[in-house]
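**Student:** Protein chains in written order, with the working numbering: chain A, -9 to 196; chain B, -9 to 196.
Rather than coming from a laboratory, the hints here were simulated on the basis of the structure. Some hints here could point you the wrong way.
[Said to hold, decoys possible] Here are the computed lysine-lysine pairs in the DSS-like style, where the Cα-Cα straight-line distance is at most 30 Å:
#: 1; chain 1: B; residue 1: LYS95; chain 2: A; residue 2: LYS192
#: 2; chain 1: A; residue 1: LYS0; chain 2: B; residue 2: LYS95
#: 3; chain 1: A; residue 1: LYS71; chain 2: B; residue 2: LYS0
[Unchecked claim] Here are a few chain A residues that face chain B, going by a calculated C-beta distance under 10 Å:
#: 4; residue: GLY44
#: 5; residue: PRO56
#: 6; residue: LYS192
It should be emphasised that the depicted structure is a prediction, and the values quoted were computed from it without experimental measurement. Even for Gly, the Cβ is constructed at its ideal location relative to N, Cα and C.
Protein chains: 2
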Amino acid sequence: MEQLSINQIKTWDRFYRGNFINSLSGFKSVSLIGTASLSGIPNLAIFSNIVHLGADPALIGFVNRPVEAAPHTLENIRETKSYTINHIHPEIYQQAHQTSAKYPKGCSEFEKTGLTPDWQIGVKSPFVKESKIRYALELEEIVPIRQNRTFLVIGAITSVFLDSLLIDKDGFINIDQANSITSLGLDGYYKVEKIDRLPYAKVATD
Amino acid sequence: MEQLSINQIKTWDRFYRGNFINSLSGFKSVSLIGTASLSGIPNLAIFSNIVHLGADPALIGFVNRPVEAAPHTLENIRETKSYTINHIHPEIYQQAHQTSAKYPKGCSEFEKTGLTPDWQIGVKSPFVKESKIRYALELEEIVPIRQNRTFLVIGAITSVFLDSLLIDKDGFINIDQANSITSLGLDGYYKVEKIDRLPYAKVATD
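The shape of chain A in the complex, shown without the other chains (with noise of 0.2 Å):
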């Protein structure tokens, strides 16, 4: 085992450390956020640094990066104050990471990419159709991260399209039974295998 310091890490060239670092904290919550211009242009964009935040309120957070670098989605979203967290799987995933180039404002990544907006009655923003696991988001809060110049974007969750069949008896959504996926660093995709779930831990009392 090394060790690297941040002043070694530092030196490296921007690229490597880029992708050093954004592989280093681990397996991300890899999903497709759809939103609107408010004239209800599409926008679809992919988007890994995904946290849950809480369960009651239903809450999600998601990391976006400084405006200049990736401005469309947060401004549909300060519009509009609605977007959608679709999951992605095996037969969508080079059409997801595809929703990453820098296509002009305006522009449709729905129709660069060939995935299908779904429209549902009451959400402003459009789901992904081939999506098989999906959520309606209204905007809470956009949180400014001062260190870097990114903003943790807070949503509460307002609805959830998926098939009843995956969820386990006590609430648990077996998600790799639809395939979702996972990423790591910018670009690397996983699909996943269970390997247990785990009782509440308790301090044992012998």
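With the hints as your guide, set chain B onto chain A.
**Tutor:** Chain B alone, transformed into the frame defined by chain A:
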């Protein structure tokens, strides 16, 4: 595919709802966080809501539950400004999960679970010796999430320990080759298998 509205979800039993919402957002960067009190008593706790914030500076965030539910890690980080994050592998996932039991303050989860603290010069918090990828952080900021009394704890990476054979020629870390696992919900553990790494996505110029 079934639609579930948040109003339906709110009527569910809180454990059922907790399992459901916790697994909806996808696979997580589950890891063990090592800390120590000012007097040097080690603490170890499993956290799954870990999120990459940026590569330059190298920042990682994790979500800490309301302080009364998970006080010791946060208290130690406040005191020493130091913590370690340690990947989990199939050989230690049961011990890792057991750290979530509500041990009293001053009781070392290392001792209780049989995991081995590994102290390194210049780092005030213990690493987990059994972990094959581990890194130390210095506290940057604790951001309160006002919606649910959780905290986003932001840390700057100060050093990384891993086998350099895991690092690809472009800096990407093949954490799957170290058998690092991912988690789902509160208690599901999964191993991963690589599908692919994709090249940087570009807008087609035809």
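**Student:** Quick check: which numbered hints come out false for this structure?
**Tutor:** 2
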